[in-house]
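Next come the chains, spelled out residue by residue.
2 protein chains.
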Amino acid sequence: MTTIFQHVAIVGIGLIGSSIARAIRSQSLAKRVTALEISPVAREAASRLAIADLVTDDPAQAIVGADLVIVCTPIGTYSAVGQALRGNLKQGAILSDVGSVKQAAIRDLGPLVPEHVHFIPGHPVAGTEHSGPEAGFAELFQGRWAILTPVPGTDPKALASLHSLWTAMGSMVEVMEPGHHDQVLAITSHLPHLIAYTIVGTATHLEEATKSEVIKFSASGFRDFTRIAASNPVMWRDVFLNNREAVLEMLGRFNEDLTALQRAIRWGEADKLEEWFTRTRDIRRSIIDAKQA
Amino acid sequence: MTTIFQHVAIVGIGLIGSSIARAIRSQSLAKRVTALEISPVAREAASRLAIADLVTDDPAQAIVGADLVIVCTPIGTYSAVGQALRGNLKQGAILSDVGSVKQAAIRDLGPLVPEHVHFIPGHPVAGTEHSGPEAGFAELFQGRWAILTPVPGTDPKALASLHSLWTAMGSMVEVMEPGHHDQVLAITSHLPHLIAYTIVGTATHLEEATKSEVIKFSASGFRDFTRIAASNPVMWRDVFLNNREAVLEMLGRFNEDLTALQRAIRWGEADKLEEWFTRTRDIRRSIIDAKQA
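From first to last, the protein sequence lines stand for chains W and H.
Just so you know, the first sequence maps onto residues 4 to 296 in the working numbering.
Just so you know, the second sequence maps onto residues 4 to 296 in the working numbering.
It does not matter which identical chain is meant; a pair holds if it fits inside one copy or across any two.
Distance condition first, Cα-Cα at most 25 Å in a straight line; then the derived PhoX-like pairs of lysine-lysine:
#	residue 1	residue 2
1	K294	K219
2	K275	K214
3	K34	K93
4	K160	K34
These are calculated hints, taken from the structure and not from any lab test.
The task is simple: from the sequences and hints, build the whole structure.
Below is the structure:
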């Protein structure tokens, strides 16, 4: 692989940040990888695992000289991160991120980006239910989509470089309008997580005896929800708070449908249930056909 | 393995029925396995795959002489199945089933069981999203729970034989009160399936352009729901209609919790969301500790 960047700086060395660092270093996609991390625990782990050339809590040390800076912290931190970065970004540098809500990234980070820096928001549609630097791995992005949501007037050369990096890390790249991204992810990702968090929480409120049986017999469907509901709590708190309109809109539609099915169960509307459950099979087939299963 | 039964008859040779037949034959747990199946398509597939010694739509041919008969059809068929079987069950035979709702099995099948037959309802907590005889495999029950819900006065020797069969097929066996089974499964299995069916249905109602992107980016959470929502529509229709009270009760709790989270998102209650999302992580750890992950 060819070197695409001289120096990549990762802000926040958790699951995604450490996976990017590992992917870049495993293929020598940059000559130098530095990490800015405020958590002493995560810093210690990242240093011990030698994920980056330098892991520090000093923005100047991590950022100055970088030609690509990727923000990998929860969306709620973006204003503070922007303040810490702005004085340290070099002329012509690219600033990107991996946050799950793109309009919020543009709203919070955008105004803090200096004129001489190319700001290109991004979102790799990849992850696991695990968190922290130890959870990352170089292959996380292989065969997964990476969505870039450039604002109008973005420098095509900068966009092409970032595109190349994601492609080199194994991703398929899609360019999308930020608001549309937030709508699509609200149904494919945010609502599924909210529902999984809800039902697992509902189970935790059951009496102790039943709860232990819920764990015992979880393989019957519940288990898949617990995996999703084990995802990073702070990251997901920020996703819901920052994609509120789209999430509430999709949740409204979901609630209408759930109420209709609830009513069909109560009144014994067999045909309605069977018709609904047959239709949902088709989407599964489309996902298998699209090789996303 | 020792032969446990002389002749096992399977009623309904779909995913579960064909897996039982395969498991029994792969370990010679019975000398003869017959299958009663009313669908010509399933009959043809089961015959072609040589899953049983005989596959027929004639109850007398399939059932007469069997010392164990296992009903593996959707719960809505139990009255009709009971009518077809009752005249063909031999003295001292065991009649069992694999349905997901045990009180309904006892209600619909119980009254049709002759005095000279041991009726022991059962439920293997195992399955996949696939249906039909081709989808079955001998290892389906390995390491999975099989729940037996004997009615009071059940012959201990008959119970022990059925227990041995499930253990030989690789299951861990749990004996449970039928009503309690239906409560536990309502939260671990029925509600998760209902919710998965709902959200996948919600997605199918989106405009075409968005729908194709939902498929494209389904790996971000939605995909796991589509797998669950690809399960057998008729079987699940019957589960919801026949465990109505328990499902509606759990759905009521879920709805209260979902409304609370919806409100927290609308009003930006960050702490409440984070606290909830942190608590749900613990259940995942318990499931991993219980080796059910």
